[in-house]
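Chemist: The whole structure should be built from the sequences, with the hints applied where relevant.
These are the residues of each chain, in order.
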Amino acid sequence: MSALLGQASRRARALLPLLSSLVLVLIGLLPLGLPHFGAVAPALALMAVFYWSIFRADLMTMLGAALIGLFLDLLGGGPLGLNTLILLLVHALGVSQRRIFLGSSFLVNWSGFALVATVTAAGGWAVVCLLHWTLLPVLPLIGQWGLSLAIYPAIYWLLSRLERRYLRSLAPI
Amino acid sequence: MTRRSGRSAWIAAPFRLLLQRFAFLLLLGAAIGLILLGRIDRPLVERTRAFVADIVEPVLSAIAQPVAAINAMVGWVEDILYVHEENFRLRTENARLLQWQEVARRLEQDNASLRRLLAAGPDISQTFVTGRVIADGAGSYVRSVLVNVGAQDGVKKGQAAIGPGGYAGRVAEVGQRAARILLLTDLNSRLPVMLQDGGHRAVLTGDNSPFPKLEYLPGHAKLAIGQHVVTSGDGGQFPAGIPVGEVISLADGAARVRPFVDIGRLDFLRIMQFDETRLETDEPVLLASPPQQQR
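Protein chains in written order, with our numbering: chain Y, 1 to 173; chain H, 1 to 295.
Quick caveat, the hints were computed from the structure, so don't treat them as lab data. Just so you know, these numbers come straight off a predicted model, no measurement behind them. You may find that some hints are simply not true.
What the hints assert, rightly or not - Label-pair ranges, simulated between beta-carbon atoms:
id, chain 1, residue 1, chain 2, residue 2, range
1, H, W100, Y, W133, 55 to 61 Å
2, Y, A126, H, F88, 45 to 51 Å
3, Y, S111, H, F88, 49 to 55 Å
4, H, V67, Y, W157, 17 to 23 Å
5, Y, S104, H, R16, 35 to 41 Å
6, Y, A126, H, E108, 53 to 59 Å
7, Y, L34, H, I248, 20 to 26 Å
8, Y, W157, H, Y216, 26 to 32 Å
9, Y, W133, H, Q20, 34 to 40 Å
10, Y, A126, H, K222, 37 to 43 Å
What the hints assert, rightly or not - A few chain Y residues that don't get close to chain H, going by computed Cβ distances all over 10 Å:
id, residue
11, S2
12, S105
13, W110
14, S111
Just so you know, even glycine gets a beta-carbon here, dropped at the ideal spot from N, CA and C.
Modeler: Encoded structure:
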């Protein structure tokens, strides 16, 4: 019985990266009542996928990353598939470059995220501009980028707490 | 402790790598396919979106309430800080509004007597359903919000969402319990409007900036800064005369309009349920717009 419970608990904890990312997506959509916050809301899903694909690549699969992106696309109302594409690529990058980040300091991780945020913002902007064949305002994008960078340490701290508390005992691959 | 057992244990490593590459390419292709699908089959995408919004609505509604309560508290503190200025502003506004009240009374009488003369039917009454904004942080590429009212409350696609001050957007997707409002600043928003003075028709085109553009205005129409723009009612989904905004700039041929609604800060939206079939005359319905001087 206890073995069965243990198994169930392990299964549930293994879902934590996915669930925490989905919760962050929802939090990112909340109307906070700050003027024009919606346009510059930090890319919380991006942070979550970036973090988990580095530190728990075994629990954040590429399918999981794609699902988070799809969820964000469907709820956010932006171009369908764009965040799916972005998060898939970020996941692939995180997994392939995780050796660099695993042993290094938070500053390296932060810089890595800054780079990823820059590239995804520029890429996303280019795709949406192409889709609508018009030049979109860049200012909200810069605001979002700055805000994302500023908030990343807090999310990093939160997710690393979660990981230490619940996932340490789960064997990685 | 044992390592993960199962299929992956006996699939040879290189083969597994190949499989993973293949899955990655497949998902990548699917994502690109979705982007294209979103351009081709809009109804399907809208239905799927509405479906997901319906599922998440209870969660978002539940979280939105405490968030709104905190916002209200912050607003309360702000109110106290600015009570003097606010009081002064309200006094002057009150004086101005009393004058308008006088004008409105006179016009109401005029209107009633003219209606009798024309034997016109009674005013078309619109009903509203009010929804709370439960999601808005949709990112840099889209200007839309989710509200927690849907088809079960009588919301239909295309209806107008009115915020404090005037037109905020139109219903773009409807689920049972939730609906997405495409704000008038969104890239995809095209709103048939007219100038309140002169009644020249135009289209208000969003471009994701806070100030949408006034387009397709007839050449002889004279534009001036401060002119009010109202809905023209073309399209039949909502009546004419809903206040939209005022012209704020005329730089290089493109007139920009500042919406009366504070687009960046929406709490509640009223969805106007307007039944076109009840419209007996094609006369515009004046809705809270200041009366014009007729000659």
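Chemist: Look at each hint and say if it fits the structure.
Modeler: So, going through the hints one by one against the coordinates:
no.	hint	result
1	H:W100 to Y:W133: 55 to 61 Å	45 Å, violated
2	Y:A126 to H:F88: 45 to 51 Å	49 Å, holds
3	Y:S111 to H:F88: 49 to 55 Å	51 Å, holds
4	H:V67 to Y:W157: 17 to 23 Å	22 Å, holds
5	Y:S104 to H:R16: 35 to 41 Å	28 Å, violated
6	Y:A126 to H:E108: 53 to 59 Å	55 Å, holds
7	Y:L34 to H:I248: 20 to 26 Å	23 Å, holds
8	Y:W157 to H:Y216: 26 to 32 Å	52 Å, violated
9	Y:W133 to H:Q20: 34 to 40 Å	36 Å, holds
10	Y:A126 to H:K222: 37 to 43 Å	39 Å, holds
11	S2	16 Å, holds
12	S105	29 Å, holds
13	W110	21 Å, holds
14	S111	22 Å, holds
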